[in-house]
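Read off the chains here:
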Amino acid sequence: MIELHAIRKAFNQGRENELWALDGIDLHIEAQKVTALRGPSGSGKTTLLTLVGCLARPTEGRVRLAGEDISGLPECFLTEIRRRRFGFVFQQFNLIKGLSALDNIILPAYPTGRPRKQLLERAEELLARLKLGHRRAAKVEWLSGGEQQRVAICRALINDPELLIADEPTANLDTHLAKEFMAILEGLAGEGRSILLSSHDPLVTESDVVDRVVEMRDGRIVDER
Amino acid sequence: MKLWLARRRYLIDFTLLALARRKTRNLGLLLVYTVLVFMLASVTLYSHALRQEAARVLANSPEVIVQRMVAGRHDLIPPGYIEKIGRIRGVQTREARLWGYYYDAVTRANYTFMVPAQGAPAAGEIVVGPALERSRGLAKSNGISFRSYSGKLHTFVVADVLPQASELVSADLVLMSEESFRAFFDYPAGHYTDIALSVANPLEVRNVALKLAAALPDARPILRDEVLRTYASIFDWREGIVLALLSAAILAFGILAWDKASGLSAEEKREIGILKAIGWETGDVIKMKFWEGLLVSLTAFLLGFVAAYVHVFHFAAALFEPVLKGWAVLYPRFQLTPQIDGLQVATLFFFTVVPYAAAVLVPIWKAAITDPDSVMRW
Amino acid sequence: MLFQPAIIALLLASALCVLALAASAPFAVEVIRRWNIKSGSERQLQLERRTYLFSTLLGFVLALQLAAVLLFVFNAEKMSAMFVGAMCAVGTLNVNAFGFPALNAKIAVFFLAAMWLAINHVDSRARDYPLVRIKYALLLILAPLLAASAWVELQYFLGLKADVITSCCGSLFSEGSPTLAAEASAMKPLPAMWLFYASLGAVIALAAAHGIGGARRAWLAYALAAASAAAFAGTIAGILSFVSLYVYEHPNHHCPFCILKPEYGYQGYLLYLPLFVATAAGLAVGAVQPFARRESLRDIVPAFSRHLATVAANGFALTAAIASVMIWQSRLILLTQ
Numbered sequence: 001m002i003e004l005h006a007i008r009k010a011f012n013q014g015r016e017n018e019l020w021a022l023d024g025i026d027l028h029i030e031a032q033k034v035t036a037l038r039g040p041s042g043s044g045k046t047t048l049l050t051l052v053g054c055l056a057r058p059t060e061g062r063v064r065l066a067g068e069d070i071s072g073l074p075e076c077f078l079t080e081i082r083r084r085r086f087g088f089v090f091q092q093f094n095l096i097k098g099l100s101a102l103d104n105i106i107l108p109a110y111p112t113g114r115p116r117k118q119l120l121e122r123a124e125e126l127l128a129r130l131k132l133g134h135r136r137a138a139k140v141e142w143l144s145g146g147e148q149q150r151v152a153i154c155r156a157l158i159n160d161p162e163l164l165i166a167d168e169p170t171a172n173l174d175t176h177l178a179k180e181f182m183a184i185l186e187g188l189a190g191e192g193r194s195i196l197l198s199s200h201d202p203l204v205t206e207s208d209v210v211d212r213v214v215e216m217r218d219g220r221i222v223d224e225r
Numbered sequence: 001m002k003l004w005l006a007r008r009r010y011l012i013d014f015t016l017l018a019l020a021r022r023k024t025r026n027l028g029l030l031l032v033y034t035v036l037v038f039m040l041a042s043v044t045l046y047s048h049a050l051r052q053e054a055a056r057v058l059a060n061s062p063e064v065i066v067q068r069m070v071a072g073r074h075d076l077i078p079p080g081y082i083e084k085i086g087r088i089r090g091v092q093t094r095e096a097r098l099w100g101y102y103y104d105a106v107t108r109a110n111y112t113f114m115v116p117a118q119g120a121p122a123a124g125e126i127v128v129g130p131a132l133e134r135s136r137g138l139a140k141s142n143g144i145s146f147r148s149y150s151g152k153l154h155t156f157v158v159a160d161v162l163p164q165a166s167e168l169v170s171a172d173l174v175l176m177s178e179e180s181f182r183a184f185f186d187y188p189a190g191h192y193t194d195i196a197l198s199v200a201n202p203l204e205v206r207n208v209a210l211k212l213a214a215a216l217p218d219a220r221p222i223l224r225d226e227v228l229r230t231y232a233s234i235f236d237w238r239e240g241i242v243l244a245l246l247s248a249a250i251l252a253f254g255i256l257a258w259d260k261a262s263g264l265s266a267e268e269k270r271e272i273g274i275l276k277a278i279g280w281e282t283g284d285v286i287k288m289k290f291w292e293g294l295l296v297s298l299t300a301f302l303l304g305f306v307a308a309y310v311h312v313f314h315f316a317a318a319l320f321e322p323v324l325k326g327w328a329v330l331y332p333r334f335q336l337t338p339q340i341d342g343l344q345v346a347t348l349f350f351f352t353v354v355p356y357a358a359a360v361l362v363p364i365w366k367a368a369i370t371d372p373d374s375v376m377r378w
Numbered sequence: 001m002l003f004q005p006a007i008i009a010l011l012l013a014s015a016l017c018v019l020a021l022a023a024s025a026p027f028a029v030e031v032i033r034r035w036n037i038k039s040g041s042e043r044q045l046q047l048e049r050r051t052y053l054f055s056t057l058l059g060f061v062l063a064l065q066l067a068a069v070l071l072f073v074f075n076a077e078k079m080s081a082m083f084v085g086a087m088c089a090v091g092t093l094n095v096n097a098f099g100f101p102a103l104n105a106k107i108a109v110f111f112l113a114a115m116w117l118a119i120n121h122v123d124s125r126a127r128d129y130p131l132v133r134i135k136y137a138l139l140l141i142l143a144p145l146l147a148a149s150a151w152v153e154l155q156y157f158l159g160l161k162a163d164v165i166t167s168c169c170g171s172l173f174s175e176g177s178p179t180l181a182a183e184a185s186a187m188k189p190l191p192a193m194w195l196f197y198a199s200l201g202a203v204i205a206l207a208a209a210h211g212i213g214g215a216r217r218a219w220l221a222y223a224l225a226a227a228s229a230a231a232f233a234g235t236i237a238g239i240l241s242f243v244s245l246y247v248y249e250h251p252n253h254h255c256p257f258c259i260l261k262p263e264y265g266y267q268g269y270l271l272y273l274p275l276f277v278a279t280a281a282g283l284a285v286g287a288v289q290p291f292a293r294r295e296s297l298r299d300i301v302p303a304f305s306r307h308l309a310t311v312a313a314n315g316f317a318l319t320a321a322i323a324s325v326m327i328w329q330s331r332l333i334l335l336t337q
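Here the protein sequences come in this chain order: L, G and F. Counting in our numbering, the first sequence runs from 1 upward without gaps. Counting in our numbering, the second sequence runs from 1 upward without gaps. Counting in our numbering, the third sequence runs from 1 upward without gaps.
If you're looking for bench data, these hints aren't it; they were derived computationally from the structure. Glycine residues also receive a C-beta, built at the ideal position from the N, C-alpha and C atoms. Hints may contain errors.
[Unchecked claim] In the EDC-like style, the derived pairs of lysine to aspartate or glutamate whose C-alpha atoms are separated by at most 16 Å in a straight line are: (1) L:Lys33 / L:Asp211; (2) F:Lys38 / L:Asp69; (3) L:Lys117 / G:Glu125; (4) L:Lys179 / L:Asp208; (5) L:Lys97 / L:Glu162; (6) F:Lys38 / L:Asp201; (7) L:Lys33 / L:Glu147; (8) F:Lys38 / L:Glu68; (9) G:Lys152 / G:Asp104; (10) G:Lys23 / G:Asp186; (11) F:Lys261 / F:Glu249; (12) G:Lys269 / G:Asp373; (13) G:Lys366 / G:Glu204; (14) G:Lys269 / G:Asp259; (15) L:Lys97 / G:Glu125; (16) G:Lys23 / G:Glu268; (17) G:Lys140 / G:Glu125; (18) L:Lys97 / L:Glu80; (19) F:Lys261 / G:Asp341; (20) L:Lys179 / L:Glu162; (21) L:Lys97 / G:Glu267; (22) L:Lys33 / L:Asp201; (23) G:Lys152 / G:Asp186; (24) G:Lys366 / F:Glu48.
[What the hints assert, rightly or not] Pairwise CB distance ranges, derived in the manner of DEER restraints: (25) F:Tyr264 / G:Thr93: 45 to 55 Å; (26) F:Arg34 / L:Glu30: 49 to 59 Å; (27) F:Asn252 / G:Leu27: 54 to 64 Å; (28) G:Ile241 / F:Ala209: 26 to 36 Å.
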């Protein structure tokens with residue numbers, strides 16, 4: 001589904017504090033599989049996620065999505081691809097405070113201009129599935145950590161993406177909630193949705209749900225299983 | 001088209017929610033914005049109303065007034081002068097007028113004493129304007145004494161009070177009979193203050209004036225149109241000066257708007273980052289901010305304008321009166337006729353909304369280009 | 001005569017526009033020199049992000065120009081009271097030689113900005129931004145034109161001297177001043193009517209043909225743009241020579257501006273708004289056509305061009321319809337059998 005060739009990514013390019021966060025990555029992320037990136041912090045996992053998820057562009061190298069080279073695309077086209085094909089679950093959940101759970105969930109669909117009725121139906125369906133129906137009108141800051149994450153998952157799924165990207169999904173959860181998350185993940189994987197995770201939590205990387213673990217260090221891939 | 005509308009609606013919805021969530025932050029800006037609109041709108045509404053008032057007053061005045069000049073100064077019209085004008089084509093009526101100013105030490109105001117062409121009061125009676133009615137506490141059939149310039153005391157009975165309709169000119173008016181006038185001012189018999197000519201066809205006025213100037217070299221014809229033009233230009237100029245002075249306020253407001261727009265809170269920056277990460281485009285964020293600015297602008301504009309309207313027409317523009325009216329003596333109370341003019345509103349829009357838009361444009365863009373991957377790096 | 005509120009506002013608007021374009025000039029040069037869409041470097045990213053700023057800025061300039069044209073005419077109308085012999089905006093604009101050039105320059109800048117935005121629109125739809133260099137080169141051409149327009153406007157306002165009474169010797173000072181042409185020159189009604197309906201008919205037909213034909217033929221696009229310009233001129237001539245007469249119900253009052261006044265129910269806006277929009281759309285068809293063959297624009301240009309052609313056809317049709325209704329409802333009889 002997504003192929004990465006000789007990807008390099010620099011920050012603060014040309015300045016004294018120049019940093020190559022990724023240094024020659026070749027990776028093929030397969031469709032309908034659960035892939036996990038593992039490695040210590042600073043190994044480039046998150047940067048790699050941003051490149052795959054079209055949040056950023058590589059400094060060098062090529063990203064191919066379904067055969068098409070998207071590495072040189074201007075931001076607005078990357079955004080369009082991102083909106084349509086990827087859903088994100090962030091480590092800090094990144095919900096917008098002051099809005100209700102429901103409003104947060106339908107936010108990624110605003111630029112698509114889909115009718116509100118359709119959006120609300122879809123959101124209700126997702127809320128019911130993640131057993132959050134009773135919290136739909138609650139402001140997100142009143143939700144517990146686990147509930148917030150489930151809202152974030154609903155939001156990631158509102159545009160029905162092909163690939164779900166989750167950055168350190170269990171970092172802010174206790175063991176019980178982390179297990180719950182893995183159960184949700186299993187459900188999604190069972191539907192045939194592709195999932196890409198970054199994590200250094202053994203609960204995630206050792207799980208049976210994960211089809212493939214990619215080991216990273218210092219911006220390179222060191223091992224794979 | 002439907003899609004386009006739906007997208008707009010979502011953006012506006014979100015903007016409204018965002019504004020509601022950050023009430024206090026936006027309230028300050030809204031307040032300053034409203035005050036600015038209020039000040040500028042007061043100035044323009046007030047000067048426009050004055051202009052209209054002047055036009056209304058002059059609408060009933062004669063097309064041409066002839067004054068006599070002696071050594072470059074305005075002098076009395078001697079007996080027989082009006083006959084010298086003779087017949088000029090286009091002039092409907094010629095009429096010699098008697099009027100003058102009187103300083104009343106009691107109220108410290110100037111009154112205009114005048115003998116009306118028709119319906120002059122009987123000898124010993126006067127008709128007064130509303131300002132006089134108020135300041136001297138006069139009512140119908142009251143008596144009042146004025147000490148004339150020669151030192152004699154003259155007593156008059158108030159026969160009537162003039163209506164309020166056009167106060168600017170009638171306020172300080174005192175109408176009296178010709179005998180009373182001549183007796184009060186010791187006005188030489190047969191002399192008059194000036195001559196009024198009425199000309200029916202506006203295109204003839206200029207020719208009449210030219211012929212007058214030829215027939216009577218010492219006469220100065222004053223055309224109503226020219227007076228009107230002068231008033232309009234003077235009021236415009238005053239308004240312009242005040243607006244130019246207020247431009248410092250506009251600039252300050254622009255800087256404030258810039259500052260407010262660029263000094264996004266960490267919370268708001270984070271929000272924009274999130275929106276971009278979950279699939280909002282830079283253009284969407286710019287549009288959202290644009291709607292935000294538009295909503296704030298329209299609210300401020302409406303509030304400020306309504307406040308200014310009330311200020312000018314119900315409280316007689318208490319704050320700016322001294323600068324704009326420019327009359328030597330101000331009347332105790334002075335109601336303007338409400339009047340709104342499209343050009344004024346358009347100009348006002350240019351003075352407030354355009355600087356605001358210009359000031360927030362760059363900060364909005366700066367906010368909108370937040371890296372979408374920034375949310376991953378927190 | 002600078003201390004007039006509307007004049008200050010207009011000068012402020014012009015200054016803002018000039019400033020906006022002046023600020024974009026260095027960026028335009030940088031884009032032309034350093035743009036490289038293939039690069040993922042941070043500099044390229046920065047350049048790309050700045051294009052948003054300058055598109056927004058140009059949109060702002062365009063909106064401001066349109067508003068300024070209206071205010072300019074509006075103000076000329078009001079100021080006519082201050083000039084001897086000026087009965088309406090035409091007289092005020094004739095006070096000195098810069099009046100009409102200033103108005104024309106403003107209108108021209110508006111259309112040029114609209115064309116630039118059309119090019120910008122198709123370019124930002126294509127994944128490789130193929131026109132970015134051309135676009136910014138055009139911006140560099142637009143900037144001095146805008147500055148020139150602002151300069152002409154300033155000259156006009158500086159040259160305005162109101163005929164007012166001075167303190168002592170006031171009256172009749174204006175006897176020597178030449179009477180201003182209060183009327184714009186006009187054609188005879190019958191040929192003007194031919195020109196009006198023929199030019200509008202031609203442009204509507206071309207726009208319809210272009211739209212229906214899928215906007216694939218280059219010559220049609222250029223013909224449409226030319227016809228739009230011609231129809232704009234033809235409509236203005238028509239308004240001068242007969243539409244205004246019907247509105248005023250006066251056989252000699254040729255004025256394109258008085259129909260904007262409240263006395264005539266602001267009818268002019270109904271007429272001018274679709275005309276300006278349609279002309280801008282028609283010209284934009286011509287502006288984007290040269291790029292129709294570019295690989296990445298092969299589908300984008302025709303789609304947009306069709307859209308513009310629809311807008312132009314409807315706009316011109318609306319103009320013709322509104323003018324016809326005005327004529328039909330008038331009690332004035334200009335043409336007799």
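Each hint tested on the structure:
1. L:Lys33 / L:Asp211: holds (6 Å)
2. F:Lys38 / L:Asp69: With a Cα-Cα distance of about 11 Å, the restraint between Lys38 (chain F) and Asp69 (chain L) holds, given a limit of 16 Å.
3. L:Lys117 / G:Glu125: This hinted pair is violated, its Cα atoms lying about 81 Å apart.
4. L:Lys179 / L:Asp208: Holds - the C-alpha atoms of Asp208 (chain L) and Lys179 (chain L) are around 12 Å apart, at most 16 Å.
5. L:Lys97 / L:Glu162: violated (27 Å)
6. F:Lys38 / L:Asp201: violated (37 Å)
7. L:Lys33 / L:Glu147: violated (26 Å)
8. F:Lys38 / L:Glu68: holds (14 Å)
9. G:Lys152 / G:Asp104: Roughly 14 Å separates the two Cα atoms, so the pair holds.
10. G:Lys23 / G:Asp186: violated (71 Å)
11. F:Lys261 / F:Glu249: holds (15 Å)
12. G:Lys269 / G:Asp373: OK: Lys269 (chain G) and Asp373 (chain G) at ~13 Å, within 16 Å.
13. G:Lys366 / G:Glu204: violated (63 Å)
14. G:Lys269 / G:Asp259: Distance of about 15 Å is within 16 Å: holds.
15. L:Lys97 / G:Glu125: Violated. Lys97 (chain L) to Glu125 (chain G) sits at ~78 Å, over the 16 Å cutoff.
16. G:Lys23 / G:Glu268: Holds. Lys23 (chain G) to Glu268 (chain G) sits at ~13 Å (cutoff 16 Å).
17. G:Lys140 / G:Glu125: Given pair Lys140 (chain G), Glu125 (chain G) holds - Cα atoms ~11 Å apart, limit 16 Å.
18. L:Lys97 / L:Glu80: Between Lys97 (chain L) and Glu80 (chain L) the Cα gap is close to 25 Å, so the pair fails against 16 Å, i.e. violated.
19. F:Lys261 / G:Asp341: Holds: Lys261 (chain F) and Asp341 (chain G) sit about 11 Å apart, inside 16 Å.
20. L:Lys179 / L:Glu162: This hinted pair is violated, its Cα atoms lying about 23 Å apart.
21. L:Lys97 / G:Glu267: Roughly 9 Å between the alpha carbons, so the hint for Lys97 (chain L) and Glu267 (chain G) holds.
22. L:Lys33 / L:Asp201: Judged against 16 Å, a Cα distance of about 19 Å means the pair is violated.
23. G:Lys152 / G:Asp186: The given pair, whose Cα atoms are some 11 Å apart, holds under the 16 Å limit.
24. G:Lys366 / F:Glu48: The given pair, whose Cα atoms are some 13 Å apart, holds under the 16 Å limit.
25. F:Tyr264 / G:Thr93: 45 to 55 Å: violated (34 Å)
26. F:Arg34 / L:Glu30: 49 to 59 Å: violated (38 Å)
27. F:Asn252 / G:Leu27: 54 to 64 Å: With a Cβ separation near 57 Å, Asn252 (chain F) and Leu27 (chain G) satisfy 54 to 64 Å, so the hint holds.
28. G:Ile241 / F:Ala209: 26 to 36 Å: violated (57 Å)
In summary, the structure is inconsistent with hints 3, 5, 6, 7, 10, 13, 15, 18, 20, 22, 25, 26 and 28 from the numbered list given earlier, while agreeing with the others.
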